[in-house]
Amino acid sequence: MRIVNCVAVCTSALLAACQVDYHPYDTRIHGAVGINARNIARIEAATAGRREIRFAVISDTQRWYDETSDAVAALNGRGDLDFVLHAGDMADFGMKSEFERMRDILGRLDVPYAVVIGNHDCLATGEDIFEDMFGDFDFAFTAGNVRFVCINTNALEFDRDKPVPDFGFLEKQFLEFPPEADKSVVVMHARPFTEQFDNNVARVFEYAVSNLPQLQFCVNGHSHTYDVAEPFDDGVLYYGCENIAKRSYLLFTLNDDGYECERVGF
Amino acid sequence: MAAATAQASSLLCNADTVVSTAVEGACAEACDRIRGERRRLDRRVHRGYEGWERMIPTHVKVQYAGGMGLMSAGVGWDYGRRCRWETDLMTGFLPKAYSDRTHATFTVRQSYIPWSINISGRIALEPLTCGIYVNMISGEDYWVREPDRYPGDIYYGFTSRLRAYVCVGQRVTCLLRGDSALRGITVYYELAANDLDIIAKCGNRSLALSDIFYFSFGVKLQILR
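First to last, the protein sequences are chains B and W. Residue numbering for the first sequence follows my numbering, starting at 1 and increasing by one per position. Residue numbering for the second sequence follows my numbering, starting at 1001 and increasing by one per position.
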């Protein structure tokens, strides 16, 4: 009888634990990959031709699974959003399991979402995992009549093997601005003059982004504080989004009258 | 009765040191038999080496997964009363297909196996193994100390090269008869969680224990003793 019990315990333990881990930094992703491209297609299709869009920004959700789950519930409860942007730092240590958990939580959003890479997402093999799971580090999409330019600004993590920020990409955004858009928003993780940013080119970066047609504002994460600033005294506002542990998100509404930003607690 | 048995056991064991090799074997078996009557369940015996021979590994292990690569293999030593303690040195590999490039891993594991339950003459179940291990991975993307490019003394404040784990598991051992070098085969599984996941679990109610414990299994071959 004891043997039967032991076998039962063994079997149930085996069944309960079917996940295996080759290494916390292996790149063997379980579940959805290529999320940004797929979600961007959904955003563009759903907002095509519109002149008013509303989206939320969350940021720095690393290792705050409870709070991120609450944020998803709060955002789903609104019912008036077109999409959600994540301003980077999905993972705290760049581990694959962190990305998978966060992806699964954000996957419960009723609206599509897109993620910008944060400095914590680059640790160890994190950048490979991010690339597989979400896509390019620099990307752009059009929602209604607004062009969203999302750019990797985590220069400290890339050690000159990649141009960060990539001015070639920014130039292309300027030269190939789509006809259906007439204004633009720039999204990044670390804003200029933070330690992550390549501050040697901060003013060049500002020159490049402010040349985008009708730049409305820039959004960033990284500093974990709600901070609206005009770092270059040129009229371009940077909206710093709090980390999710502060239980807030930024809500943006853009229409022909301009735009509104609201910090919403949950 | 118990006293008499103990005396007989003691006599037989003392005799062990003076009689010839042939008698020695028979005596050891008799010792086991008498001890076996007292502890029918736990039959683990460390016949043991003396002196420098203690350095010789008592087993080899091959393991699948467990945060030490796709496969890992190594040697180890069991020691202590009824072989309850076990130390393993493992080397593993993580192939390029599952990472940015092929990596090697190195692991030191300390296990404690409190009980062994003899099911039949040759099969024993070890219902609980528990342990800790530290794993190191090769590759320039990982660090023990943060690279100098980061400002301040602590920027991230963790090491990506070293991971510490706690593990629990179970085993089944088949004892082989005869004088061959292979004395027993053990199959085992473990559920292991790493330090960073444990930290994450502490701060998140929505994270279940089953989210942070990962399954691994392996084979242990008892050799040469």
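Please note: incorrect hints may appear among the correct ones.
What the hints assert, rightly or not - When the alpha-carbon atoms are kept at most 25 Å apart in a straight line, the in silico DMTMM-like pairs for lysine to aspartate or glutamate are as follows:
| id | chain 1 | residue 1 | chain 2 | residue 2 |
| --- | --- | --- | --- | --- |
| 1 | W | Lys1096 | B | Asp66 |
| 2 | B | Lys246 | B | Asp66 |
| 3 | W | Lys1201 | B | Asp136 |
| 4 | B | Lys162 | B | Asp182 |
| 5 | W | Lys1096 | B | Asp136 |
| 6 | W | Lys1096 | B | Glu230 |
| 7 | B | Lys162 | W | Glu1140 |
| 8 | W | Lys1201 | B | Asp161 |
| 9 | B | Lys183 | B | Glu230 |
Just so you know, the hints here were simulated from the structure itself, not pulled from any lab data.
Consistency of the hints with the structure:
1. Lys1096(W) - Asp66(B): 34 Å, violated
2. Lys246(B) - Asp66(B): 12 Å, holds
3. Lys1201(W) - Asp136(B): 30 Å, violated
4. Lys162(B) - Asp182(B): Distance ~30 Å between Lys162(B) and Asp182(B) Cα, so the pair is violated.
5. Lys1096(W) - Asp136(B): It holds: about 21 Å lies between the C-alpha atoms, which stays within 25 Å.
6. Lys1096(W) - Glu230(B): 45 Å, violated
7. Lys162(B) - Glu1140(W): 17 Å, holds
8. Lys1201(W) - Asp161(B): 35 Å, violated
9. Lys183(B) - Glu230(B): 19 Å, holds
Checked against the numbered hints above, the structure breaks hints 1, 3, 4, 6, 8 and satisfies the rest.
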